[in-house]
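S.K.: Here is how the chains run, residue by residue.
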Amino acid sequence: DAGVTQSPTHLIKTRGQQVTLRCSPKSGHDTVSWYQQALGQGPQFIFQYYEEEERQRGNFPDRFSGHQFPNYSSELNVNALLLGDSALYLCASSTGPSGNTIYFGEGSWLTVV
Amino acid sequence: AQSVTQLDSQVPVFEEAPVELRCNYSSSVSVYLFWYVQYPNQGLQLLLKYLSGSTLVESINGFEAEFNKSQTSFHLRKPSVHISDTAEYFCAVIKNAGGTSYGKLTFGQGTILTVHP
Numbered sequence: 008d009a010g011v012t013q014s015p016t017h018l019i020k021t022r023g024q025q026v027t028l029r030c031s032p033k034s035g036h037d038t039v040s041w042y043q044q045a046l047g048q049g050p051q052f053i054f055q056y057y058e059e060e061e062r063q064r065g066n067f068p069d070r071f072s073g074h075q076f077p078n079y080s081s082e083l084n085v086n087a088l089l090l091g092d093s094a095l096y097l098c099a100s101s102t103g104p105s106g107n108t109i110y111f112g113e114g115s116w117l118t119v120v
Numbered sequence: 419a420q421s422v423t424q425l426d427s428q429v430p431v432f433e434e435a436p437v438e439l440r441c442n443y444s445s446s447v448s449v450y451l452f453w454y455v456q457y458p459n460q461g462l463q464l465l466l467k468y469l470s471g472s473t474l475v476e477s478i479n480g481f482e483a484e485f486n487k488s489q490t491s492f493h494l495r496k497p498s499v500h501i502s503d504t505a506e507y508f509c510a511v512i513k514n515a516g517g518t519s520y521g522k523l524t525f526g527q528g529t530i531l532t533v534h535p
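So the sequence lines, in the order shown, correspond to chains H and E.
According to my numbering, the first sequence is numbered sequentially starting from 8.
According to my numbering, the second sequence is numbered sequentially starting from 419.
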């Protein structure tokens, strides 16, 4: 039973560039959420996707956007990268937007230089 | 809004000693509570959760946590730790609306547990 998978695992981008991170949810899960974990901090909720729509959003600027595909996989896009966007980006999945058992992937490490 | 406070940023302990990682939360509504563990350079793994019922919940690897509603706490304990327990531990909450969660986790800042031989 595959868990939550994310790609790429590591990447380096330059300020001002754009990045796309990808996530496949755990088998049987239809809801995907994204979190940002800065170094030494707890994860912060970015947004949640269910039925291909953004259902909830945290306190992140519009530079952060996402998408969910019919197969429930998801992408996180960040435009106009800032140095402060350097972080571990975690994808999480659950059954339904109200699912209370949430599983996380290994994360994508983004470094902005 | 919810907030979670983990009272210790780092907890060093010797192998086979007991440990307690403290977590307090603040919320105007009922919440579900979770502990996640993060090993170096890895994602988060669900350790245990409290949804309802018995206030004492246990994990498969010997950790337990007790929900205390009056003190708004959910402390994590283990009677005897191993070297392999060295990791960062995160306490988290989700809003609970009549048995249905809002699906968004709010995390504490994390506690780094270091087990020394």
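Since the hints were derived computationally from the structure, they do not count as laboratory data.
Computed from a predicted model, the values in this text were never measured in an experiment.
Take the hints with a grain of salt, since some may be wrong.
Said to hold, decoys possible - For the chain H half of the interface with chain E, some residues (derived, Cβ under 10 Å), not all of them: (1) F67; (2) H74; (3) P77; (4) A99; (5) S101; (6) N107; (7) I109.
We put the CB at the ideal spot given by N, CA and C, even for glycine.
S.K.: A separate judgement is required for each hint: does it hold in the structure or not?
M.R.: Each hint tested on the structure:
1. Nearest Cβ of chain E to the Cβ of H:F67: about 13 Å, over the 10 Å cut. The hint is violated.
2. Annotation: H:H74 was flagged as interfacial toward chain E, and the flag is violated, the nearest CB pair being 18 Å apart, outside 10 Å.
3. Taken as an interface hint, H:P77 does not check out: its beta carbon lies about 20 Å from the nearest beta carbon of chain E, beyond 10 Å.
4. Taken as an interface hint, H:A99 checks out: its beta carbon lies about 8 Å from the nearest beta carbon of chain E, inside 10 Å.
5. With 10 Å as the threshold, the beta carbon of H:S101 comes within range of chain E, its nearest partner Cβ sitting at about 6 Å, so the hint holds.
6. With 10 Å as the threshold, the beta carbon of H:N107 comes within range of chain E, its nearest partner Cβ sitting at about 4 Å, so the hint holds.
7. Because the closest C-beta pair between H:I109 and chain E is about 6 Å apart, less than 10 Å, the hint holds.
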